[in-house]
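*Asks:* Below, each chain spelled out in residue letters.
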Amino acid sequence: QVTLKESGPVLLKPTETLTLTCDVSGFSLYNTKMGVSWFRQPPGKALEWLGHSFSNDDKSYKTSLKTRLTISKDTAKSQVVLIMANMDPVDTATYYCARVRKAVSGPRDDFFDMWGQGTSVAVSS
Amino acid sequence: QSILTQPPSVTGAPGQTVTISCTGSGSNIGAGYAVHWYQHLPGTAPKLLIYSDSNRPSGVPDRFSGSKSATSASLAITGLQTEDEGDYYCQSYDNSLSAHHVVFGGGTRLTVL
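Residue numbers (the numbering used here), protein chains in the order written: chain A, 1 to 125; chain B, 1 to 113.
Keep in mind that a hint or two might mislead.
[Stated by the list, open to error] Pulled a few chain A residues facing chain B out of the computed Cβ check, cut under 10 Å:
(1) Leu11
(2) Thr15
(3) Leu18
(4) Leu29
(5) Tyr30
(6) Lys33
(7) Ser37
(8) Phe39
(9) Gly51
(10) Ser55
(11) Lys62
(12) Pro107
(13) Asp110
(14) Trp115
Since the hints were derived computationally from the structure, they do not count as laboratory data. Heads up, the beta-carbon is just placed ideally off N, CA and C, and yes, glycines get one too.
So here's chain A without its partners, still in its complex pose (with noise of 0.2 Å):
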């Protein structure tokens, strides 16, 4: 059974650094098929890619948030992290991760087929 778990701060204060884990199983992170990929979605808002980590160390990250993001990941743990950098109240959302699938007919075909529950974070001095 395929399964990711979020889980980070609850609460950070304006320009502090937003750390979060993505625990997986029923997969292996080794696997060259498969990578995971973070989201969020601010409350009332659309869901918004932040970026994604496959086995071989590819890694991409959203264009407007590329300067603040850094994904890694702990293949051996089987966790993928998220480092979201001088953190704001609009950064305040349900933060989830999600298993990428790879598409047969190429990388930006690529869709996500197991998700998390989502962890909220809140931003507030």
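Chain B: place on chain A using the hints.
*Replies:* Chain B only, in chain A's frame:
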């Protein structure tokens, strides 16, 4: 403002059929990139409903179907059930200078009366 445009809400009665549209442009759906659909029910994790335009993952009922044409895609739900009530998102890839990554629609809230 999302790069992919969805209607904010759709409503249907149990047993009826609804269609949710997802309109893009030449830098995403119109460029031939696949469209995927997700269901997000209250208090649950998002769920993949349709991948690569029209394929259903194992376990997704055939009441859900997807299609794509030119710069738009659609999700059709037949035989509406009360448990279908929730939010639906389309997703694709955008290759414009301002995006060049995964993009989602703004989401559509489905209400089953």
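*Asks:* Does each hint fit the structure? Answer for all of them.
*Replies:* Evaluated hints:
no. : hint   : in the structure
1   : Leu11  : violated, 21 Å
2   : Thr15  : violated, 26 Å
3   : Leu18  : violated, 20 Å
4   : Leu29  : violated, 19 Å
5   : Tyr30  : violated, 22 Å
6   : Lys33  : violated, 14 Å
7   : Ser37  : holds, 8 Å
8   : Phe39  : holds, 8 Å
9   : Gly51  : holds, 8 Å
10  : Ser55  : violated, 18 Å
11  : Lys62  : holds, 6 Å
12  : Pro107 : holds, 9 Å
13  : Asp110 : holds, 8 Å
14  : Trp115 : holds, 4 Å
In summary, the numbered hints that this structure violates are 1, 2, 3, 4, 5, 6, 10.
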